[in-house]
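Engineer: If you want the building blocks of each chain, they are given just below.
Number of protein chains: 4
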Amino acid sequence: MDYVYGPGRNHLFVPGPVNIPEPVIRAMNRNNEDYRAPAIPALTKTLLEDVKKLFKTTTGTPFIIPTTGTGAWESALTNTLSPGDTIVSFLIGQFSLLWIDQQQRLKFKVDVIESEWGQGANLDELASKLAADRTHTIKAVCIVHNETATGVTNNLAAVRKLLDDYNHPALLLVDGVSSICALDFRMDEWGIDVALTGSQKALSMPTGMGFICASPKALEASKTAQSARVFFDWNDYLKFYKIGTYWPYTPSIQMLYGLRAALDLIFEEGLDNVIARHSRLGKATRLAVEAWGLKNCTQKEEWHSDTVTAVVVPPYIDSSEIVRRAWKRYNLSLGLGLNKVAGKVFRIGHLGNLNELQLLGCLSGVEMVLKDVGYPVKLGSGVAAAATYLQNSTPMIPSRI
Amino acid sequence: MDYVYGPGRNHLFVPGPVNIPEPVIRAMNRNNEDYRAPAIPALTKTLLEDVKKLFKTTTGTPFIIPTTGTGAWESALTNTLSPGDTIVSFLIGQFSLLWIDQQQRLKFKVDVIESEWGQGANLDELASKLAADRTHTIKAVCIVHNETATGVTNNLAAVRKLLDDYNHPALLLVDGVSSICALDFRMDEWGIDVALTGSQKALSMPTGMGFICASPKALEASKTAQSARVFFDWNDYLKFYKIGTYWPYTPSIQMLYGLRAALDLIFEEGLDNVIARHSRLGKATRLAVEAWGLKNCTQKEEWHSDTVTAVVVPPYIDSSEIVRRAWKRYNLSLGLGLNKVAGKVFRIGHLGNLNELQLLGCLSGVEMVLKDVGYPVKLGSGVAAAATYLQNSTPMIPSRI
Amino acid sequence: MDYVYGPGRNHLFVPGPVNIPEPVIRAMNRNNEDYRAPAIPALTKTLLEDVKKLFKTTTGTPFIIPTTGTGAWESALTNTLSPGDTIVSFLIGQFSLLWIDQQQRLKFKVDVIESEWGQGANLDELASKLAADRTHTIKAVCIVHNETATGVTNNLAAVRKLLDDYNHPALLLVDGVSSICALDFRMDEWGIDVALTGSQKALSMPTGMGFICASPKALEASKTAQSARVFFDWNDYLKFYKIGTYWPYTPSIQMLYGLRAALDLIFEEGLDNVIARHSRLGKATRLAVEAWGLKNCTQKEEWHSDTVTAVVVPPYIDSSEIVRRAWKRYNLSLGLGLNKVAGKVFRIGHLGNLNELQLLGCLSGVEMVLKDVGYPVKLGSGVAAAATYLQNSTPMIPSRI
Amino acid sequence: MDYVYGPGRNHLFVPGPVNIPEPVIRAMNRNNEDYRAPAIPALTKTLLEDVKKLFKTTTGTPFIIPTTGTGAWESALTNTLSPGDTIVSFLIGQFSLLWIDQQQRLKFKVDVIESEWGQGANLDELASKLAADRTHTIKAVCIVHNETATGVTNNLAAVRKLLDDYNHPALLLVDGVSSICALDFRMDEWGIDVALTGSQKALSMPTGMGFICASPKALEASKTAQSARVFFDWNDYLKFYKIGTYWPYTPSIQMLYGLRAALDLIFEEGLDNVIARHSRLGKATRLAVEAWGLKNCTQKEEWHSDTVTAVVVPPYIDSSEIVRRAWKRYNLSLGLGLNKVAGKVFRIGHLGNLNELQLLGCLSGVEMVLKDVGYPVKLGSGVAAAATYLQNSTPMIPSRI
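Chains as they are written, first to last, in the UniProt record's numbering: chain A, 1 to 401; chain B, 1 to 401; chain C, 1 to 401; chain D, 1 to 401.
Treat the hints as calculated values from the structure; they're not laboratory data.
It is possible that some hints are incorrect.
A pair counts as met if it fits within one copy or between any two copies, since identical chains are not told apart.
As the list claims (entries may be wrong) - Pairs of lysine to aspartate or glutamate residues, derived as EDC-like cross-links and limited to a Cα-Cα distance of at most 16 Å, are as follows: (1) 239 x 101; (2) 129 x 114; (3) 378 x 189; (4) 328 x 269; (5) 239 x 301.
Based on the provided sequences and hints, a complete structural model is requested.
Structural biologist: Listed below in structure tokens is the structure:
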């Protein structure tokens, strides 16, 4: 039943699903419970309160939906928009592409602003569109905060500023799947109307929970949005929030307790420390890539992602072979290049509950694989570059001082 | 973190989520994995094949969607129907009511056939409607196989027969949430077009997986159905089935391994033995209710459910008090009466991975609670009636002979 | 790998190993750790303090040894006595017999006071021996508090009183394996010099930890005791207690965390409530036995055990067949009759983390098995008797009021 | 309850307890069971057969005792020897010292052959003693195969050869705690009379099982050995082997299933592949130490251990500070220097279920710590040396080819 088991731990460095810490695995190790008995609502209440902290919102309303990121996207769109509504959406990689595909299939009119893969959102083009949209036909701007396929982080504050500059009332809908709880994310300060993420990313849980926060404006929009929806309907949740039982249908008991444990770990470390750790590991990874003489898929430093690094391989190498070999020889799981960058990049996910030595083990593995496939890397070079930075910047573990 | 823990095991007799067997809990006790590596598709392939056996279909196409029963409903409807389509739908209790509500909100024209709660689907009325529908405006007949709120099992073979008698092409969509894998269910033989269930019911897993099987006819319908959908879209699944990677988005690794273990247990026992066990426990429960001098909410024997028994309490007792007290004093979780029967019935769920002595423990608890709330029950009477039947009918555990 | 798995839960009613509560299973679900890092000594310190509370001692010194009850016995004897020393030891059943066998093989001179199996320790004979022992050649009195084979609880306070009456300095060594943490046990008040138990009994953990508490007098004796010992030597532990690292050799990390969880549960319920619960379940069991028209192996009420009931079967029935059949047909695990009472009694263990409905499920199973093997029991009779008592005496679960 | 938790995985590189693979953790995640029911003897039978394979013996008799390595030592000695018997015992480090201490306290006459810590057993001196012992007063030769404190592996074949050369009938008792299942070990071929190990070492389980194999000659000796013993007495086990119930007292159900899983993993990988993996990781570690410019505590290559490397630090550094800092800053658990080498060496354990990237992560951590404490290491140097070797020598994971 365990298929293809190798000796030792699997080194999981795909940008999701990520490593689950032991206390979360433990918390989920349990039988079912009656979710209508008092324990589950009491637990849920703490979860909803605490999830808001991850989004840095006090005014938002959180929804924890038993679904994936794709479902969270659908929830964000169908609760705030009506078929035929115009959306401006940025296409910068595979996940923004998939979201746009969803937007179109849900029958919105999508005005796509495309960038080369490896670049961030083209904000100049957004500015033009906002400037031109005197009648406010644009109902929403959709943006992926961190494009997981290319390792590009967009500047959300700048998007907000443009909307404010043009005094444009469009809703700002943000995919924070590979950013929230790992990158600097400020829902209230940046005026985000809907933000969302999934449990298997920086929260370091199994897949199965979509987290959505809606601003008061988004909630208002949900009252009149005409998109057909039931499973994803916020109003059903709000009805049960009022009653105090919280769930319009059966939640996963295990995931609820797992979330409690995940949140406890995050708050024990401190959310800002979690974000600083991601920044540290992201920088260390980029230093290794540089030391290997390879190019980061992300074209400018301002877009560098601290949760995933897409590494461009030389044209004579198939990046899929790197991923295959890493898994087959070193029990190392790396991310494939997707769609336009298939075969051209491989990805190192460095998000979630992860520490310095885990990353260095991964980097040493990448080096060996690079050599395996014929790239003339100097073994130890990337590790040395990363370790030099980490040895200077890693703090003591607070609970152990 | 464990809230309200009591000494000893919780006796979980709500009709879902139900008890998870240890081997399933064990199988799920694991870290995440890269779902794009070869192990997960290999595992998924066995799951899809084996899930079909639960539905007794060879021609159906299975979908395992990371959602709940409510999501599975939505998937069944949106993949086969277009807004404005006419549906005939039976209203016989809270869950059929909720499904009808969903059907209406998804913008289908729902022709509701209502029965008194406690009765099964009114098939005479269906016959009239089919007879009258010469132009075949009815696109689908929707029916809940086992209404969990009242403990009523509908006769699916009879529904099929009516459709055949009238040579009516309407799709037959069946909610098998509290029936599949517990009651006699024959997708192919009964000509069911879409059947569905959820993981936390007779499969005895955590909540989080909706299982849907679509007949070739339903699959054909999905090609032209105009309901907007992405997360629930079968076509996205089919695309990845063809590629052999199976998943349009990230599945829960833990639930996949859990499902493998759950299926292994079911096939080890034998699906027909599983169904026979439910029949045995259902009958034993009804004998106890009779011995207590209480009425079954189900009005005729033909509708008796082998997965849940709704027990009507005398008018001077509030059934919610029974549920509350069972939990607070005896660590026994019973099902509340819902909506129209709130306060009037309490429910004993007897589905999933459950055995005779667990049920007898529950029945002895119900007796004590009945006495607690002032009903003049003879302690031991229900247990005696149930045990007399069980002592005659329980087979040896095959692996132990 | 799971061998002989049956549907539903196993009903575990042997008098050890007993059911482990989920929070303990969860706490043990973990990787190894460096036991020399600060976390483990910090944890151990809390455990040693809290274990003393189970023994109701403030002056005793606790030892948690990675062994079983048999090892704990050996530790008690070899640390306090020298080969050739005279012991008075009571033989009342299989476990006292095994301890005496150990005492003899460890080369002590054992003066055995034998009772019929089903009777308690013969204290009159002890009185005579103490009276006659003017020169204090008796170095220790060894007694099993609760004889697990016959369900007999001895009166420790009375033993203490005799020693005091005769002003006899013999050490009082007590096997509390099936009593401590379940029956009234007062190490300090009853002047017990060494008391011991094992993790798989009332503490409701896996097997693997022996708990020993030594009085100051026993500790003093350990300084001069000449029995050869290393693994079981208290002095090695004391050396590491002083250093603050606590362990002379590698402990089981999992068992340490499991013990923490077990103790937390016990203190959450309240030790006195735990004991009251055992008293309640013991009495309920005896009422059932009476209702079945069967005899308790324990011959007088004063010896009735609240942790295990040995039920005498009619001569025409082989009690082993009852145990076999309970397991094979009802997934119910009962205790065999051992040695002298093999075939004549079966045992119902009712100790550890157990509640009323679990017991009633077990009793209903016993009834069915009795009928299976040809005993003319009235099904439901025992459950009715037990439930009548329990419905009157069971308190609300404090955390749920 | 989790004390001092840090982000990410703990990097556990003490030479025991070692990392437990997920399938073993999973297998142990279970409730207790009646160990007298048929499942446990059936399971035990497979375990006893398979444990022999780890020792490479077909003629030996295995004992699985719920104890630690210290208890296994005691079992080996007390079952084969009588108080006053003469033993020759090698003292080469802390663990051989502790065994000798035990031998003395168990009242054997111990003739100690001491070497400098960092050297192997002085076989010349053994030769002299055997030559001189015409009357065969030496009853046993006791040797630690792999001294965990110094990382020294002794040559057991050479010891056997000496005994044969002098035709000496002394029993050969071997501590294989940090060797069996990791180093080349051949009980039958090398004529070992008693060999032993513990579960938390190369078997990669929790602490709590001592494994002992006795040759026919050792078994014969146990019939007349006069050392007092009960808990550790092989004869009690043999009695229950004959009956087919196997256990003289309650085993840990969890450990039995864990052992089954551990053995399955070892045989799936192939025992010889497991040993080759240890050889590979051992060599890689030594290459790193060399690259750092540090000395291996082991003085000659012939004694190099493939399960633990003791690294000598420069005199101006306290090795304990390295261990402390590794844990506090990098969540890396290294082994302390013990006794004579306290403060002078730190130890890297590389045994058990471990792979290449885990080791490289550890080595990168050691480099950072070395720099932290003021040793002028070139970051990346050790990793480079190790990786260069590993990239050449690591095989594909067989199940993934």
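Engineer: Each of the hints needs a verdict: does it hold here or not?
Structural biologist: Results of checking the hints against the structure:
Proximity of residue 239 and residue 101 under a CA criterion of 16 Å is satisfied inter-copy only: 15 Å between copies versus 31 Å inside one chain copy. With identical chains, the CA atoms of residue 129 and residue 114 are at most 16 Å apart within one copy only, with a shortest distance of 13 Å there and 53 Å across copies. For a Cα distance limit of 16 Å, the shortest separation of residue 378 from residue 189 qualifies neither inside one copy, at 45 Å, nor across copies, at 44 Å. Within a single copy, residue 328 and residue 269 get their C-alpha atoms only as close as 34 Å, which misses the 16 Å cut-off; across copies the closest is 14 Å, which meets it.
When the C-alpha separation of residue 239 and residue 301 is checked against a cutoff of 16 Å, the pair qualifies neither within a copy, at 45 Å, nor between copies, at 37 Å.
Hints 3, 5, counting from the list given before, are not met by this structure.
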